[in-house]
Structure formats: C-alpha cells, structure tokens
Amino acid sequence: MKRDEIIEGVVLFLCGAGTVALSLQMPIGTFRMAGSGLFPLCLGIALMLLALLYLANLLFQKDAEPPSPKAAAASPGAAGQMMLFFGASALAVLCLNILGYPLTSFLLMLALLWILGIRQPVLLVSLPLLTAAGSYLLFVQFLRIPLPKGLIGL
Amino acid sequence: MVESLQQLLTGFGIAATITNLLYCLLGAVAGTLVGILPGLGPIAGIALLIPVTFGLNPTSAIIMLCGIYYGAMYGGSTTSILLNVPGETASVITCIDGYQMARKGRAGPALAICAIGSFTAGTLGLFGMVLLAPPLAQAALAFGPPEYFSLMVCGFIVLSNVTGGSLIKSLMMAVLGLIIGTVGLDPVTGEYRFTFDTTYLLSGIEFVAVAIGLFGIAEVLANVDQPLEKLEQSVIVPRFRDLYPSLQDLKASIGAILRGAGIGFGVGLIPGPAPVIATYASYMVEKRISEHPEAFGEGAIEGVAGPESANNAACQSAFIPLFVLGIPFAPPTAILLGALMIHGVVPGPMMITEHPDVFWGVIASMYIGNFILLLLNLPFIPFFASILRIPKKVLLPLVMLFCLTGMYTVNNSINDIWLMLLMGGLGYLMRKRAFDAAPLLLALVIGPKMEVAFRQSLMLSHGNFGVFFERPVSLTFLLATFLFLGLPAFRFMIRRLGAGARNEGGSG
Numbered sequence: 148m149k150r151d152e153i154i155e156g157v158v159l160f161l162c163g164a165g166t167v168a169l170s171l172q173m174p175i176g177t178f179r180m181a182g183s184g185l186f187p188l189c190l191g192i193a194l195m196l197l198a199l200l201y202l203a204n205l206l207f208q209k210d211a212e213p214p215s216p217k218a219a220a221a222s223p224g225a226a227g228q229m230m231l232f233f234g235a236s237a238l239a240v241l242c243l244n245i246l247g248y249p250l251t252s253f254l255l256m257l258a259l260l261w262i263l264g265i266r267q268p269v270l271l272v273s274l275p276l277l278t279a280a281g282s283y284l285l286f287v288q289f290l291r292i293p294l295p296k297g298l299i300g301l
Numbered sequence: 025m026v027e028s029l030q031q032l033l034t035g036f037g038i039a040a041t042i043t044n045l046l047y048c049l050l051g052a053v054a055g056t057l058v059g060i061l062p063g064l065g066p067i068a069g070i071a072l073l074i075p076v077t078f079g080l081n082p083t084s085a086i087i088m089l090c091g092i093y094y095g096a097m098y099g100g101s102t103t104s105i106l107l108n109v110p111g112e113t114a115s116v117i118t119c120i121d122g123y124q125m126a127r128k129g130r131a132g133p134a135l136a137i138c139a140i141g142s143f144t145a146g147t148l149g150l151f152g153m154v155l156l157a158p159p160l161a162q163a164a165l166a167f168g169p170p171e172y173f174s175l176m177v178c179g180f181i182v183l184s185n186v187t188g189g190s191l192i193k194s195l196m197m198a199v200l201g202l203i204i205g206t207v208g209l210d211p212v213t214g215e216y217r218f219t220f221d222t223t224y225l226l227s228g229i230e231f232v233a234v235a236i237g238l239f240g241i242a243e244v245l246a247n248v249d250q251p252l253e254k255l256e257q258s259v260i261v262p263r264f265r266d267l268y269p270s271l272q273d274l275k276a277s278i279g280a281i282l283r284g285a286g287i288g289f290g291v292g293l294i295p296g297p298a299p300v301i302a303t304y305a306s307y308m309v310e311k312r313i314s315e316h317p318e319a320f321g322e323g324a325i326e327g328v329a330g331p332e333s334a335n336n337a338a339c340q341s342a343f344i345p346l347f348v349l350g351i352p353f354a355p356p357t358a359i360l361l362g363a364l365m366i367h368g369v370v371p372g373p374m375m376i377t378e379h380p381d382v383f384w385g386v387i388a389s390m391y392i393g394n395f396i397l398l399l400l401n402l403p404f405i406p407f408f409a410s411i412l413r414i415p416k417k418v419l420l421p422l423v424m425l426f427c428l429t430g431m432y433t434v435n436n437s438i439n440d441i442w443l444m445l446l447m448g449g450l451g452y453l454m455r456k457r458a459f460d461a462a463p464l465l466l467a468l469v470i471g472p473k474m475e476v477a478f479r480q481s482l483m484l485s486h487g488n489f490g491v492f493f494e495r496p497v498s499l500t501f502l503l504a505t506f507l508f509l510g511l512p513a514f515r516f517m518i519r520r521l522g523a524g525a526r527n528e529g530g531s532g
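Quick note, the sequences are listed as chains A and B, same order.
Residues in the first sequence are numbered consecutively from 148, following the working numbering.
Residues in the second sequence are numbered consecutively from 25, following the working numbering.
Facing chain B, from chain A, some residues (calculated, C-beta under 10 Å): (1) Gly176; (2) Leu194; (3) Pro295.
Source of the hints: derived by calculation from the structure; they are not laboratory data.
Keep in mind that this is a model prediction, so the values were computed, not measured.
Just so it is clear, CB atoms sit at the ideal spot from N, CA and C, and this is done for glycine as well.
All chains should be modelled from the sequences, with the hints used to inform the complete structure.
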C-alpha cells in the first residue's frame, strides 16, 4: 500500500516539476509586473512542495497492514467489465461522426447493457431503441441541438 | 425602506399577472428539466433558451430566464442527490451527504429538504434584498483585488477541510486544479499557455467536461467496477413513507436552513463564485457546530439543508451586483446580463429608476418562482426518487449515454467528450486512491479569477506582498486561513503528544 502512495507522491511531484519547466519557457516578469509564467511557476513549486511534504509524511507513518488475500483477490472480473464499459464508450465517441447520433447511441446502449449482463433479447433491443429515439427527440427535435448525423443523415 | 417595500408590492403586481406567472412556471419547469439532465446546467439552459424569449416583453423574458436559472439550480441538486452528478459547481457539496442519503434509501427526504430549504432561503433572501441591499452592495464595493485573493485562498483552505480526508491530498488537488485552470489564454496579457499548439486548448479547459468526468463518469465507472451480482443487489427501493422528511428531519434541518440562508445571502453579495463559496462555508459551519460531525459525509441531512439554502440565497443576492452595478460575478448572471441587454435593459445604478417594472418585477418573481418550485417539486419527489428503482444494470448505461450526449451539446465538440472521458478515468483513479475531486474542480473555476486578483494586487502594491496583510478585510481572511490551516496541525500535534505520553506511561 505504501508503495502505491509513494508512486502517487512521485507522480504529483513530477506534475509540479513539469509545470515549473513549462512555466520557465514563458515570460516570468517581476512581482510588480508579472509575466504569464509567474503564476503557474508558483503553482508548480507549491505542488512540488506539497508532494514532498506528502512523501515525507509517509516516512513517519506506520506500515499499513497488508490487505487480506480474500480482499486482494476480490472480483477479478469486475475490473475487466469496467474496462470493457469504458472502452465501448470511447469506441462510441470514435464512431459518433461516422455513424451519427441515433445509430451510435443505439449500439452503445446495446453494448453497455450486454457488458452489464443483460441477455433478454426483448430488453436488449427495446431499451436501446427507446433510449436512442427518446434522446434524439429530446435533443434534436425539442431542444433543437444539432447532433452528428453521420452516414444515415438523421 | 418603506419606499423599497412599496416598490416590491408594485413588483408583485407585475409578476403576478397571468402572463408573467405562466412564463415563470414555464421557466421553472424548463429549468428543472434542464438541470436534471447531466451536462446541461443553468448556464447551458439559459443560453439555449434565450432565443425563445425574443418575442416577449423584457419583464416577461427576464422572469422566464430567471425561472430557468433557479429551476436548473434545483434540478442540479436532484441529480447530485440521486446520481452523484452535480448539475453545476454549487451542487458539488450536495453530492457529499445527499448521495449518501440516497444510497441509504433517503433520497426523498433529501430532495424535500432541498425544496423546503431553497424556498425558506428564497423568502428570507427576498426581505434581505429589500432591507439590506443598498448598504451591503456598498460594502461589497470596498473589495479590491487583495481582498478577493485572500478570500479565495481562504475558500480553498475551508474547502480542503470540508470532506474530512487528508488535508495535504486536498491541497494537492486544489493546486492541480489551479494549474489546469491556467491552460489557455492568460487573463492579463492575453498570451497562450500550455496549449501545445492545439486549437482546442486555446479557450482553456472546459469546466463542464471536467465536472461530469470527475463526478458523473467516475461514479459510473466505480459502480461498474463491481461484480454483476452486487450491481443487482445495490438497487435502492425507497418505501413510500420514507419519501418525505420526518418531523425529526425537519427539526434537524431548520437551524441549518436559517444559517445557510444567512451565509448564502452575505456571500452572494461578494463578487466571485458566490454560490460555490456559500455552499462550502455553510457545510463547514454545520459540520463544525454539529454534535455529530462524524455523520457528515455519511448522509447527514444538515449537510444537504444548509448548503442548499445557502446556494439559493447566494443565487438571489448575486442579482444585487448584477442589477445595481451591472457587473456579473458568475457565469449564469453573465448570461442573464447578455439577455437583459438583448431586451434593451442596461443594468446599472439607473436601472431602478429607468426600468422599475423590470427590477422589482423580477425580484418579486424570484419569490413566486421559488414558491412554484416548491409546489412543483414536492409532489414530484416520488417520481424523481423512482429513478432509483431502475436497476443499476440499466441505469448506468443510461447515465453514461446522457453524460456523453449532454457533454456534446454544450459546445458541439467531440473533443469535449474525450476530455470528459479522460477526466472520468482520472476521477475513477482518484476515488480508488482516496483523493477528493471537489477541490480540483473548484480550483479550476476560481483559478483564473484568483490569478487576476493576485497579479492586480501585486501591480497595485508595486510587487509588495505586504498588500495582503495591510488591508483589514484581506488580513481577516488570511488570519481565518491560518486558523483553518493551523487547526488540523494543532490537532495532529495534540494526538502525537497524547500518544507519546501513553507510550511512555505504558513502557514505564
């Protein structure tokens, strides 16, 4: 556990260091007439200091008890399910402009319901159909917000 | 004062005409619906519906747009409680206890207290506006950049103390949020920063994408990251008798509502993201004075009642600087300013004399609008709470789809959706590692204003940092900041000393 926390501290320290490095490429100016890089520079330094404080604090902490093997092995399939869910959503964003909103939303709902274990054919088809049609009517027809039309041109 | 009350009565006469009541109702309903949809908050709602008001007279148009504003604020609280998706920044704090209440099957009381608290705060705020607006607006005028900066620093420290997690972790998130907030155009010199030659980043990081990502998507992912059996088990089905608050709930909330209204009204007059600061300040006060501070974060009704009342009161009093000074201090009031100007009404010191019908009519309509929202929302609580009856296996894909769609509708940008998904992944990891997302989000909003205040202060003082300590109001905020910072350190030292003494006693 402590190893993970050290990694967190180091990552945040590096974020601060990166901000400092990028800020130094901008005009810093003086405190009287600050340049665009001064504020981010101060923030980068502040983040580095806080990360160091966080890491130093870890040194004084007692080691946490290791997680029980039961807890560590809990739900190995859930992480994969989450990754699939997230991946399907990202894929839908990729396809949005090509397939258009109604088709993409239908396919996305179908995929997400499938990933979450819904197998009843009626539910698996009717719910995505209703959602796609409903959201299309709400956003495009009622609120007049243009959504990607894609190949089907809706 | 008597004159103000007479004018207010005239305002009620204007706002209570059938036509204006209808537009107020339409605005409140549309606002509530818009606020409930993740991604569409009051800003998007008002912006989207401005064209609808083009054919109306200025008073009816502004009454309708104001209805959308507070309707959307209420709708935002509904999604915060039911789905842990804040419709706008001011609802972030409602998520903490509101969502916990919903998880325990108490979504109904949380929603009802929101409506009752908002109405009570609105009523008190109205009298506050009439009685105290002129002197308080004068006092708010005395705020210069050093005071703004110190206030915002104080706000961050208060905020970092709010959720009771690690202070260092919260501060790191706040600083990270401030860094993200520097992306885009430098607010003073107009130079581009951290844009990496991409056009998308020129206008900065889209706040809505970060908000939906860190809260909505992260919540969905955290829920999906459970075994399928657990997804079925965790469906909450509130019983009918649990849909409304009990007498005990009301007794527990009344103090929080009154204090929230007072805090919100005062903070609303101060330039800045008033509803946000007001909700956090109210939450902090409630937690500090509570006999059971450990219940906060676990579903304490005071943690919903206080901030929601503060939010409503701050929204109302934020109209004072808009109407009297013509300066909007928050994005929704900035859009309302645009709408006022479209309708030929120029806010400023002359507005009361030149457009008394608009000024007093709108103020009176706020009260009527709050009453309409109360009437509208209390009977619909079973309907809103029934959203929770939908199995999570169905609800989670629906929320994901509406987050994606809602995000796209803000700017019609696919890049915004990518940013939202990225932030969703980050929010999920932060959740796993016990990092609080609220300080990051708030810092992102306040960051640019804070930077401007910081740089203007130093320009005014010729680079002398003493400017933050020489001015009494600024010094007060900084002393409060040190107090808030010092308290956890003091408690930590006491604990250490106590532990040390026990160890010595044990070994001796």
